[in-house]
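Chains A and B supply the protein sequences, listed in that same order. Heads up, the first sequence is in the working numbering, so the first residue is 463 and it goes up one at a time. Heads up, the second sequence is in the working numbering, so the first residue is 463 and it goes up one at a time.
Warning: the hint list may mix true and false statements.
Identical copies go unnamed one by one, so any copy, or any two together, can satisfy a pair.
[What the hints assert, rightly or not] Heads up, simulated SDA-like pairs for lysine to any residue below, C-alpha to C-alpha not over 25 angstroms straight-line: (1) Lys557 x Glu720; (2) Lys774 x Asp701; (3) Lys689 x Ser565; (4) Lys557 x Pro593; (5) Lys557 x Ala685; (6) Lys689 x Pro706; (7) Lys491 x Asp620; (8) Lys689 x Glu469; (9) Lys557 x Val516; (10) Lys557 x Gly521.
These are computed hints drawn from the structure, not numbers from a lab. Just so you know, these numbers come straight off a predicted model, no measurement behind them.
Protein chains: 2
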Amino acid sequence: MAAPLGEFGRIARFLAPLAEGCPGALGLKDDGAVLSPPDGWEIAATKDMLVEGVHFLPGDAPRDLARKMLRVNLSDLASMGARPWVYLLSFALPKRCDDDWLSAFADGLAMDQQEFAFSLAGGDSVSTPGPIVMDAVLLGLVEQGRALRRTGAQAGEDLWLSGTLGDGALGLLAAQGGFPTLDYVHQEALAARYRLPRPRIALGRRLIGLATAAMDVSDGLAADAAKLAAASGLALDIDTPTIPLSDAVAEAVAQDAELFERVLTGGDDYELLFTAPVEKRSEIKMLAQELDMPLARIGRALAGDSVRLLDKDGAPLSLARTGWVHG
Amino acid sequence: MAAPLGEFGRIARFLAPLAEGCPGALGLKDDGAVLSPPDGWEIAATKDMLVEGVHFLPGDAPRDLARKMLRVNLSDLASMGARPWVYLLSFALPKRCDDDWLSAFADGLAMDQQEFAFSLAGGDSVSTPGPIVMDAVLLGLVEQGRALRRTGAQAGEDLWLSGTLGDGALGLLAAQGGFPTLDYVHQEALAARYRLPRPRIALGRRLIGLATAAMDVSDGLAADAAKLAAASGLALDIDTPTIPLSDAVAEAVAQDAELFERVLTGGDDYELLFTAPVEKRSEIKMLAQELDMPLARIGRALAGDSVRLLDKDGAPLSLARTGWVHG
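With these hints in hand, go ahead and build the complete structure from the sequences.
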């Protein structure tokens, strides 16, 4: 066993290599980073904090935690149409997170930096007597004045959703062993989606000029649709039978129909919800093919201020809860 | 008693007003903030995480915590010569931090936003089963290419320190009741300095063009001087009798000479340590008068790679510990 590294040794060994792509990070050796966005671009900034036992499970692999923390932030950038640029990272670690833990955590960071093409620029590492807490600020770049926002939807437009819904929320149940009757492959698929969200960066970039409003679905479709409706000052009707489900979620709901409410209200989807004019339908369908990703038209914007989740007969569902409170 | 506000109610009530000075914050209602530095300026970015029981005392007033969190970051900006611009804020709060707690916390943020002229741009609020954890990313602005760094010191230059040393470290002891024999006014003064650092923003701005290297002293003079020496690739000799002490620290050290080691190695000073060419001495002395702040010449840079703390006879002190580990 090697002697444990001190704080500065840990930063130099595990984190400084992650900052090599960012000259302004100054090798993580200065009081901060020095950053300049390229001409013509502005910065999209997002910050998310994750707490062990609240946003992830005690015992989740450090490599997955690192990637989840980056990905919940990447998803926010995706919803703004930005591309990742740099991030600053803090974590409070209990003593049990030793050098091996940090090494695996840094591996996870490196994997996603490579996949999404961005660099570490700075941060902080502290000790804690409590649970693991991680926090990342991600700075993305978006063409000046072009960032997607939640405010631009117009009555008469279509409401679209990327990917499939409910995998994150049912994935949490699966990771906790909540689906003993479900096919093992499906259990694994759901748990993997909970542990490792798929931020829709490529889609977000392509939605600039197509979508009139966009956000990522992280607190549940019902609650997040209400935020988009409020921000744009209109109502949304959602045809729930048109919402795409993965095979695993479809099978789980077939076994227990009550789970469909959790599909609609559970969090951790990290899909993009967006509005677009009706005349963009064919362009969006071509985009779905090009990106090889489901883009489903799940409803429409109309005058008013409510969000209605409609069943196959067009009647509003009444939900026991509208939002998933995990923070 | 009013009913407690939910997460979104708390953000709208207590935090959204703090973002009114930042149009790019989008009212804290979108997925992130959209930010553009003015032409000719670049961004200095710093991130610090504070944990209850590690970086502040359980029971410290929420108004003070808010300001301390901003100020440890402001101090990093000061050391880079940047002026504050915007910040993103996250906190993980246990249930006991109710709406009154958050209201007082927001008051503290507002006080320092006004004092240092910057705005909230975004962040995250989550719950935790553990201690309070706060994290801020502060973005400052500095003229393109002019940021102060740790790397520019040259052999033969003077080493300077702002303010007085040891108030933070002895202030922690005072706040814990460790100085029963010390004059009550001095105890209070020390505890106040621990709870509320004074970031040297105005000084940092004026050091651009004067200082060749700069950093803030947060982990103790001995450890931080070693970082500056390593970054600039030289040695530093510090004449410890020339280090300015406040009346309170001088009195505490007079009562117990062993405390002087803690003055040299304790953290939480948040003063600026910088190097400058010998020919800048009179200019720096005039600056001290203008800013009404002690700027003391405490040593010099020379070839080599060590930091020596010298006593009144020029003999090196040997310390039991060189750095204050609080994180």
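How the hints compare with the structure:
1. Lys557 x Glu720: neither (41 angstroms within a copy, 30 angstroms between copies)
2. Lys774 x Asp701: Close inside one copy (7 angstroms), not across copies (81 angstroms); limit 25 angstroms.
3. Lys689 x Ser565: Answer is between: at 24 angstroms across copies they meet the 25 angstroms cutoff, but 39 angstroms inside does not.
4. Lys557 x Pro593: both (10 angstroms within a copy, 15 angstroms between copies)
5. Lys557 x Ala685: Classified as between; 23 angstroms across copies, 37 angstroms inside a copy.
6. Lys689 x Pro706: Within one copy only: 21 angstroms inside, 55 angstroms across.
7. Lys491 x Asp620: Classified as between; 22 angstroms across copies, 50 angstroms inside a copy.
8. Lys689 x Glu469: Between copies, since 13 angstroms is at most 25 angstroms while 41 angstroms is not.
9. Lys557 x Val516: both (19 angstroms within a copy, 13 angstroms between copies)
10. Lys557 x Gly521: Intra 14 angstroms, inter 24 angstroms, cutoff 25 angstroms: intra and inter.
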